[in-house]
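Please put together the full structure from these sequences, using the hints given.
2 protein chains.
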Amino acid sequence: MKKSIFYHAGCPVCISAEHEIISLIGAERIEIVHIGEEKKRISEAENAGVQSVPALLTPNGHVLHLNFGASIEAVKA
Amino acid sequence: MKKSIFYHAGCPVCISAEHEIISLIGAERIEIVHIGEEKKRISEAENAGVQSVPALLTPNGHVLHLNFGASIEAVKA
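Line order of the protein sequences matches chains A and B. Using my numbering, the first residue of the first sequence is number 98, and each one after it goes up by one. Using my numbering, the first residue of the second sequence is number 98, and each one after it goes up by one.
It should be emphasised that the hints constitute simulated quantities derived from the structure, not laboratory data. Among the hints, erroneous ones may be present.
Said to hold, decoys possible - For lysine to aspartate or glutamate, the following DMTMM-like pairs were computed, each having C-alpha atoms within a straight-line distance of at most 25 Å:
no., chain 1, residue 1, chain 2, residue 2
1, B, Lys100, A, Glu115
2, B, Lys100, A, Glu134
3, B, Lys100, B, Glu143
4, B, Lys173, B, Glu125
5, A, Lys99, A, Glu141
6, B, Lys99, B, Glu134
7, A, Lys99, A, Glu134
8, B, Lys99, A, Glu143
9, A, Lys100, B, Glu115
10, A, Lys173, A, Glu143
11, A, Lys99, A, Glu125
12, A, Lys99, B, Glu135
13, B, Lys99, A, Glu125
14, A, Lys100, A, Glu128
15, B, Lys99, B, Glu125
16, A, Lys100, B, Glu125
17, B, Lys173, B, Glu128
18, A, Lys99, B, Glu125
19, A, Lys173, A, Glu125
20, B, Lys99, B, Glu128
21, B, Lys100, B, Glu141
22, B, Lys100, B, Glu128
23, A, Lys100, A, Glu115
24, A, Lys100, A, Glu125
So this is what it looks like as structure tokens:
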């Protein structure tokens, strides 16, 4: 099964949301991507529609922004 | 197992997020509450920390605001 991708930047809101999503969906069904550390994946996230982190890209291509930790622009800076 | 509660107000963003969350978590694990129709449950949502809809209250009491459809204030109006 195709995984969801959880994009985050290590912020407190990100980490809290990560715990919730893993608890709800299961770690084996999510790829966790820290775009603050893997900057080359920022454009991938943007192209998918991610505007802020934390965000979950679902297997069918929709983005759920989960609360608000930081904008993509702030992560780039 | 305790269910999550998905609060929404029937808005397009709400309905899209509802589909995603049901697909990810399973309908049997979520109670769906339309606070535009069940106004008496607005205070329950607010007390749980819901500031806008759609939002998911997880079994351990955390709120995940999923994208942004409408503020609670707008739903009350």
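Here's how the hints hold up against the structure:
no., hint, in the structure
1, Lys100/B - Glu115/A, "18 Å, holds"
2, Lys100/B - Glu134/A, "34 Å, violated"
3, Lys100/B - Glu143/B, "18 Å, holds"
4, Lys173/B - Glu125/B, "28 Å, violated"
5, Lys99/A - Glu141/A, "17 Å, holds"
6, Lys99/B - Glu134/B, "24 Å, holds"
7, Lys99/A - Glu134/A, "24 Å, holds"
8, Lys99/B - Glu143/A, "35 Å, violated"
9, Lys100/A - Glu115/B, "18 Å, holds"
10, Lys173/A - Glu143/A, "11 Å, holds"
11, Lys99/A - Glu125/A, "11 Å, holds"
12, Lys99/A - Glu135/B, "36 Å, violated"
13, Lys99/B - Glu125/A, "21 Å, holds"
14, Lys100/A - Glu128/A, "7 Å, holds"
15, Lys99/B - Glu125/B, "11 Å, holds"
16, Lys100/A - Glu125/B, "21 Å, holds"
17, Lys173/B - Glu128/B, "21 Å, holds"
18, Lys99/A - Glu125/B, "21 Å, holds"
19, Lys173/A - Glu125/A, "28 Å, violated"
20, Lys99/B - Glu128/B, "10 Å, holds"
21, Lys100/B - Glu141/B, "15 Å, holds"
22, Lys100/B - Glu128/B, "7 Å, holds"
23, Lys100/A - Glu115/A, "15 Å, holds"
24, Lys100/A - Glu125/A, "8 Å, holds"
Taken one by one, the earlier hints fail for this structure at numbers 2, 4, 8, 12 and 19, listed in ascending order.
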